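*Asks:* Take a look at the letters that make up each chain.
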Amino acid sequence: MTLLTPRVDRKVPAAPAPDGDVAPRRRGRLHAHRVISSTLVTALVIMQVYPLVWLFMTSLRTEQDFASSNPFSLPTEFTLDNFSRAFSTGNLGLNIVNSLVVTLGANVLIVVLGMMGAYALEVLGFRLKTFVRSMFLLGIIVPVQIALVPLFIDYANIGLLDTYQSMIIPLAAFSLPMSIYLFSSFYSYISRETYEAASMDGAGPYRVFGQITLPLSVNTIVTVVLVNSIFIWNDFIFANTFVLSDELKTIPLGLQNYIGAMGNVDWTATFAAVCVTITPLMLVFLVLNKAMIYGLESGANKG
Amino acid sequence: MKHHRLNVAAVAAAASLTLTLAACSASGASPDSSSSDDGTITPREISWLLSRPADGGVITAMEQIADEYAADHPGFSLNLITTPDRPSYIQKYETLAAAHQLPELFDTDATPFAKKLAGAGQMVDAEELLTDLGLYDDYLPAALNYQRFDDGSLYMIPFEFQLEFFWYNTALFEQAGIDVPATLDDFPAMCEALRAQGITPIALDGQDLWPLERYMAYYPFRMAGPEYVQALKKGEAKFSDPAGVAAVNWLYDLGQAGCFQPGFSSTGYADAQALFTTGQAAVYNIGTWELSNLATENLDEGVRDDVDYFTLPTIDGAVTADNEYVTPSGIGMAVNAETYDPLVKDFLAYALARYPEVYTESGALSPTTTASAAIPDNATPLYQRAVDQAGDVGDAIAMPWDTQLDPTSNTRLQQELTLLVQGDETPEGFIATMDAVIAENGPEAFAE
Amino acid sequence: MGAPPPPDRPRQSVKEAKMLPGRSKISVLVFLVPPLAVYAFAVLLPIVQSLFLSLFKWDGITDMKFVGLDNYVKMFTRDDVFWTSFGNAMGYLAICLVLQLGGALLVAGLLTTLRRGRELVKTLYLLPAVISTVAIAFLFQRIYSYEPTGLLNQVLEWVGLGSLAQPWLSNVDTVLAAVSVPEGWRFAGLYMLIVYAALLAVPKDLEEAATLDRANWWQIFWRIKFPYIRPVWITTTIMAATYALRGFDIPYLLTNGGPGQASELLTTYMYKTAFTHTDYGYASAISVFIVVECLVAVGLIYFLLRRKVD
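Chains as they are written, first to last, in my numbering: chain F, 1 to 303; chain L, 1 to 448; chain V, 1 to 310.
Source of the hints: derived by calculation from the structure; they are not laboratory data. Fair warning: this is a prediction, and the values are worked out from it, not measured in the lab. Where is the CB? At the ideal position from N, CA and C, for every residue including glycine. Each hint should be verified, as a subset may be incorrect.
Unchecked claim - Straight-line C-alpha distance at most 25 Å; calculated SDA-like pairs for lysine to any residue: (1) Lys-238/L to Gln-256/L; (2) Lys-115/L to Lys-65/V; (3) Lys-25/V to Arg-207/F; (4) Lys-345/L to Ala-120/L; (5) Lys-345/L to Pro-74/L; (6) Lys-57/V to Ala-436/L; (7) Lys-115/L to Lys-57/V; (8) Lys-25/V to Leu-214/F; (9) Lys-57/V to Glu-444/L; (10) Lys-74/V to Gly-429/L.
What the hints assert, rightly or not - Here chain F is said to cover these stretches of chain L; the calculated rule only asks that three of the stretch's residues, wherever they fall, bring their Cβ under 8 Å from a Cβ of chain F: (11) 267-277; (12) 344-353; (13) 369-383.
Unchecked claim - Restraint ranges, calculated between C-beta atoms of paired labels, are given here: (14) Leu-69/V to Asp-308/L: 21 to 31 Å; (15) Leu-295/V to Asp-395/L: 53 to 63 Å; (16) Thr-183/L to Gly-93/F: 51 to 61 Å; (17) Asp-306/L to Thr-77/V: 49 to 59 Å; (18) Gly-117/V to Phe-56/F: 14 to 24 Å; (19) Val-159/V to Glu-77/F: 24 to 34 Å; (20) Val-155/V to Gln-384/L: 41 to 51 Å; (21) Ala-177/V to Asp-388/L: 50 to 60 Å; (22) Asp-81/F to Gly-117/V: 29 to 39 Å.
Go ahead and model the full structure; you've got the sequences and the hints to work with.
*Replies:* Put into structure tokens, the structure is as follows:
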């Protein structure tokens, strides 16, 4: 089964077969239930999505319109002025590039190191592996804040402060446990016989990794990358702590720049900037949402 | 090396682990620390870490001056790295200082942290520098005094001069049948009269915390002078002293009289200003950096002719004069002693001499006596009056407390102030809490 | 490949026998050392360093001063903000868990009854998860706004609850809930998806049998579905709890802990202590506490939810 084809949902348990053995009265009740739940779901979806719609609408309002009118009203006139102000105030293009670099860099580390670690733990095996595995699992629990002060000091001492690596390393390291966990649980389902047969043919651990494990990992890689990308793309705390120069600011920091001197905010321009910055990931998400949803569903359900 | 960097034993191990990664390390904003003292000027890029509006007068002027200087000194450039949001800026600069990564020039107020930096020999003595460049006497004494530490030493150079006023709407005052408050004690009555007319008395940007902290400074400044906060921050004076008690009660009364708009603590700068400029609020306490929004045709027509200002009212038995109030010369610029070289000095000599003329073209007040603000074409008569007011400023300055207290006490004060004014905290509780917090943190922060 | 196997497949027993024949010590090291090194540098070493640093007083400029356990003594006895923040963090945790897990269960349950549009609902529901917290903070600042009237107060007015309209971020009684809601909102879709997938995996015949026995939906849910999804539920609860305990961005950006300390969490307090107060030693002591708190929370959740099975 390939990852990108939508999974056919199993049949709805509560839905009766059209000509089933359910009494008409009961069917009526079920129908009412379904109407209620459809309405509820619709209401919840509106609550979930409306703020985003409002965000895009606000980015098209004039400043006067934003300041004076009812927040639910439709814009009286549309303007793209906010976007030009957003681009002239900030450095949105650069912010997006930086976010891309960090997200890519961290993902490469997460995937490569995750596969290596899982391979060592799950396939190669060694005496202390239970201990090492629990060390890694600890990282799922440990909050990232613990690393801020020590890493800041370490970076200052070795000159890594204010570099891409200063963001990429901790982002990758804190995602590594989950990645190793996902790869491990996947590797544990590759049959032993496959490996043993390869070993009989004289393949060493490197060839086994390259010829068997790696090609089979593609689906898990997609899952790991998609899930981690959401968090890394939006990381605020590491970037805010370790990045100082404008050239390295990622999107969340770039947005912070719209807070002006003494705390002044040009709201409509800020919302325009927000729209520009959330659009790339939103587009990726809308294109790949099946894969991402699948990854999230299967990822946690493997436990 | 006299400063001990943190030397956790594990750092060595960590460093070796990351060597491979460090090898491909991109060069960040780390300053070029090659400083030659043989007197030759070698043009290079120098950086100024600052906290000023990106398109504001200071940056515009300095960019122009840097371009002029670069024309004569090929290879020179001035890299301006601005973080206008002050709390973010302070965090950035303090962490950079701890990491020994400060660039050639950086902004700071005369805070305890800056004092430590100066004490550690990381900042060039500004008084010596200005005297050396022959510019010292050009500066307004008030502008320099604002930058001084308590011991009178000067390590920061001012780039602005501002007066903070209470802007008010004469039409709304008329509607409520009130006059400009003669003393601070008239504020609660003023607020009640305005409230009775359904008018928001005072627009306050509570989200940014510093505007409310200004109100904390007013009463003690009138009652006990600028020395009170200097003693208070070291734990030598207390909130339970008469000046402190009076100030706390005054603020509590302001809150009880409904002086500020409901939800002020989550109202931002722009929203607070909009309350005043749209005629919904009667009073707005802000500095002359907003002249272009409050005293020009940029101001909404509906209120343009009704806007006026008054300066900080006095109290009965005040020890400071009426013309002494909050007159900041803005965040100051410090010169990093570790990267100070003939180029930095030469550039500063050129830039500081040229600055007043270029800067005042934007209509702003100069920290020097050598140039006067150019009044913009669309100015209202208020603009000229505000500019002239600068010539009549007394010697004592009501220092903003956020530049005075140690950071821990300051954070707590800002938090407790909001609670006090919202009525979530009693004056007694406030005094007890703050005295305990300052006792815990103040003396240590200012220990010599 | 990649289809999720049943969650409770036993693995541990065969594990020890599993070692790739022909592997060498070197090859194990080649694969293990790089991930371990990065992990050790950025996760394990900082934990050790924090422990070490928490015994000192240090402002970043002047010399470090050894103070023994004084930072911890201060934390537990002299610092009321610490305890307020701890209480708030617990409140934040509770609200996030209710919103995320309760909401996840509710929506996932509703979703299984839908015939059409499930994919669309899933996509739309997950959408907020891709938005950065800075953007979310800007957004919710306007939603909660009182003057000018924000979305929330406007809605209240429309449905005749105008008297409830208030400055949500200024009221000390509402602010903690107000900063928790965006966090719940943003990841509601994530947890919903996980629970939904687990619910789908409940064998249909179990449920059909129960339906024939005239069990109502609550009995079906509680007796049949829930026990089946319990392992996933534990994972989800642990995930949601650890994320809520490390929650930082939204309170930090939305209120910076205010008014007063009403929305100060341990994480924001630790951050301020380190990077605003430049009190690195004390901040390290707080972060050590946060780690312990997370470990205890995960242990408790695991213990409580597991015990019910037996």
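*Asks:* Checking each numbered hint in turn, tell me which of them this model violates, lowest number first.
*Replies:* 12, 13 and 14
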